[in-house]
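Line order of the protein sequences matches chains A and B.
Take my numbering: the last position of the first sequence gets the number 182, and nothing is skipped along the way.
Take my numbering: the last position of the second sequence gets the number 188, and nothing is skipped along the way.
A hint or two may mislead.
Subject to a maximum C-alpha distance of 16 Å in a straight line, what follows is the list of computed EDC-like cross-link-like pairs (lysine to aspartate or glutamate) [claimed, not checked]: (1) K137(A) x D100(A); (2) K64(B) x E74(B); (3) K22(A) x E43(A); (4) K133(A) x E74(B); (5) K133(A) x E185(B); (6) K59(A) x D100(A).
Keep in mind the hints are simulated off the structure, nothing from the lab.
This one's a predicted model, so the numbers in the text were calculated from it and none came from an experiment.
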Amino acid sequence: MKSSTIALRYSQAVLALATDRKQHEQIGRELDRVAAVFAGSDELRALSRNPKFSVADRKAIVSELLKRLMVSPITRNFVMLITEKGRLQHIAEIVAAYHDQADSQAGRIRAQVTVVAPLAELEAARLRTVLQKMTGKQVVLEQQVDPSIIGGVVTRVGGRIYDGSVRAQLESLRTRLRSPAA
Amino acid sequence: MKHHRQTLTLGLTVLLSLTAPAFAAGGGEVGWSKTIFHGVNAAILFYIIYRFFGPKVTAGLQSKSKQVARDIDEATRLQAEASARLAAAEADLAALAGKAEALLADLRREGEAERDKLVAQAKAEAERITAEAERTARSEIARVKARLEAELGEMAVEAAARALREKTTPADQRRLAVEYLTRLEERS
């Protein structure tokens, strides 16, 4: 995923700190939780964008949230910092950049796998193996359930897409039927 | 000579006209003295007339005769001219009739040529319009056919998607995942 300059700058800073403390995996997981809470709440997203809220209001609300999420001091201080700097709306992008850099640092690569129902462990292992063989890196699978693909699997890894979904096959059929030669 | 005869005839006529009353007045009895007297008078009168008026009468008659001859000549000439003019007019008329006929023939020929040209142009235009209409119709048919095929294709794809959503079981999903993995493994 291509990250913005802001996301790269903040993610590099927190990753360096977490790596120094050998907590980069834990911090990554905590940042995921924070990002997931923001992604799932319209009110929190509004808080990060609406100028009616002062910095102090934002910091108070975020502080309360982090207390409930029981995150480490590094995560807490980092999230408070981006709140103070008015970059809270970039949290998802910053977390994604963090993972990209952490994976790159660890020789890993993330694969976004879209399915109708989560893959069984056996199929997930097969997919991980084949992707590792294809990329030459350790692969972390991130499964996303999306019924709109109807069936099959779509994998995005290293800028490439392997689309084996039923939706893609139907689209291909639709295109062939629309073409004059059909 | 001719003039003398005319003069003599005139004199005798005058003489007889003058002696005739004397003979009639005699009641049938011949009065020779009166007759002779009248005859002499008539002769004297005739002589006087002949002597003093004869040349003039003769000249007048000759002049009149010449004038009549000239008039006849002139009339003959005029008749000849008129005949010539008539002939020329008749010739002109004949030529004119010929020209009119030729003109009519030309006009008819030009009219026929123009008609043929217009017919050919109309035919070409009709053929062009027909070809254009056929081309438009073919294009429209192809467009409608393509649209219908696209709509049918769209409907078929939508129907297939609906059926797959409704009827795909977890076992089908797993089989699809396995097939996907197999293809991916073949590529790697």
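Broken hints, by number:
3, 4, 6
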